[in-house]
Amino acid sequence: MKDGKLYVAFSGGKDSSLVAILAKMALGEERVELVTVDWGPYTYERSREIVRSFAEKHGLRHTFIPSNRMQEKVWKHGPSCNACTRDVKTVLVKRYAQGHLVASGANASDSWGKTGLKVFDGVYSPLYRVGKEEINEMLKFLGLEVKKIGESAGREGCKLKHLLKMLINPDYHGRAVSVANEILLRVLEKHNFKPELANVKIIGPLSRNIALVNVKPLPPEEVMNEIVEKLSSEETIDEVIVVDSPVKLVVLASPAIYRNEESRKWIEEGRLQPEFAFPIEIEWRESKNNRLRTFQVIDAKKE
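Oh and the sequence shown: position 131 is 252 in this note's numbering, straight run, nothing missing.
Hints are not guaranteed to be accurate.
Think about it this way: if two alpha-carbon atoms lie no more than 20 Å apart in a straight line, the pair counts; the simulated SDA-like pairs of lysine to any residue are [to be verified]:
1. 409 - 365
2. 215 - 186
3. 126 - 213
4. 268 - 165
5. 126 - 150
6. 369 - 384
7. 423 - 412
8. 337 - 397
9. 423 - 399
The following label-pair restraints were derived from C-beta to C-beta distances [stated by the list, open to error]:
10. 219 - 359: 41 to 49 Å
11. 146 - 380: 22 to 30 Å
12. 405 - 208: 20 to 28 Å
13. 125 - 359: 48 to 56 Å
14. 390 - 123: 41 to 49 Å
15. 412 - 366: 32 to 40 Å
16. 265 - 162: 24 to 32 Å
Bear in mind the hints are in silico, worked out from the structure with no lab data behind them. Note that CB positions come from ideal geometry on N, CA and C, so glycine has one too.
Turn these sequences into a full structure, and let the hints steer you where they fit.
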């Protein structure tokens, strides 16, 4: 670092929060700035509150930078959080840093950390060989509390990751996932119900938005009925299914993913299962749509 300033790509989650505090300890608060990409309609208001309060509590300068909805171009070809991180989030934060070093929370538990380098192209990932268990131990040792939105057991903050198909029409596909997830959290908060997981996955063919409601543990029946009623009244949602039992997902995948067992396994066990309230099974189908670069969940069947 020498005498330079460090810009931390900050989401407010455990990984970036740990990097932020370690940077402050190493460099001092005046040489650290937290930078958060605001995803517009795909950012939870609760997420904005969390990052603001963290920066204020720890005396760190914090800046929101607009995404200009650049991630919609990524999702046009199917869900891809890694591409979004690499091609949108990192690019925007580096642009803001103007040549200064950017620190990321990439670690050994995600593919970005597993396949990346500790320092590459202006991005420093101090946790790139550190696993989740060690990160949790460090947070505990430092007495660092990381607040949760409550929408996911893992990475939080962007509603778009719950859109499990190509984003062709932002006013239809994008609005559905944005509005549905805000509705869900608002109803749960209204009833003071605090689940460990709460999200609405938007699936289906491109002409139809099916909302899969995941809440774990399941709330009282009257609360779930209110959630279903409000979701059903949203004009961009065509059907609502509550995931209250194991479910089979019908998934279209690009040839590169369909023909790679390891890729299919990662999507099922690493990407999808952790954010579903009940066990899932996947019926894989090879896509003939060359616009689909990743995968698309086209149907769900409860067992």
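Hints versus structure:
{"no.": "1", "hint": "409 - 365", "in the structure": "violated (32 Å)"}
{"no.": "2", "hint": "215 - 186", "in the structure": "holds (11 Å)"}
{"no.": "3", "hint": "126 - 213", "in the structure": "holds (17 Å)"}
{"no.": "4", "hint": "268 - 165", "in the structure": "holds (13 Å)"}
{"no.": "5", "hint": "126 - 150", "in the structure": "holds (10 Å)"}
{"no.": "6", "hint": "369 - 384", "in the structure": "holds (18 Å)"}
{"no.": "7", "hint": "423 - 412", "in the structure": "violated (29 Å)"}
{"no.": "8", "hint": "337 - 397", "in the structure": "holds (8 Å)"}
{"no.": "9", "hint": "423 - 399", "in the structure": "holds (10 Å)"}
{"no.": "10", "hint": "219 - 359: 41 to 49 Å", "in the structure": "holds (45 Å)"}
{"no.": "11", "hint": "146 - 380: 22 to 30 Å", "in the structure": "violated (47 Å)"}
{"no.": "12", "hint": "405 - 208: 20 to 28 Å", "in the structure": "holds (26 Å)"}
{"no.": "13", "hint": "125 - 359: 48 to 56 Å", "in the structure": "holds (52 Å)"}
{"no.": "14", "hint": "390 - 123: 41 to 49 Å", "in the structure": "holds (43 Å)"}
{"no.": "15", "hint": "412 - 366: 32 to 40 Å", "in the structure": "holds (33 Å)"}
{"no.": "16", "hint": "265 - 162: 24 to 32 Å", "in the structure": "holds (30 Å)"}
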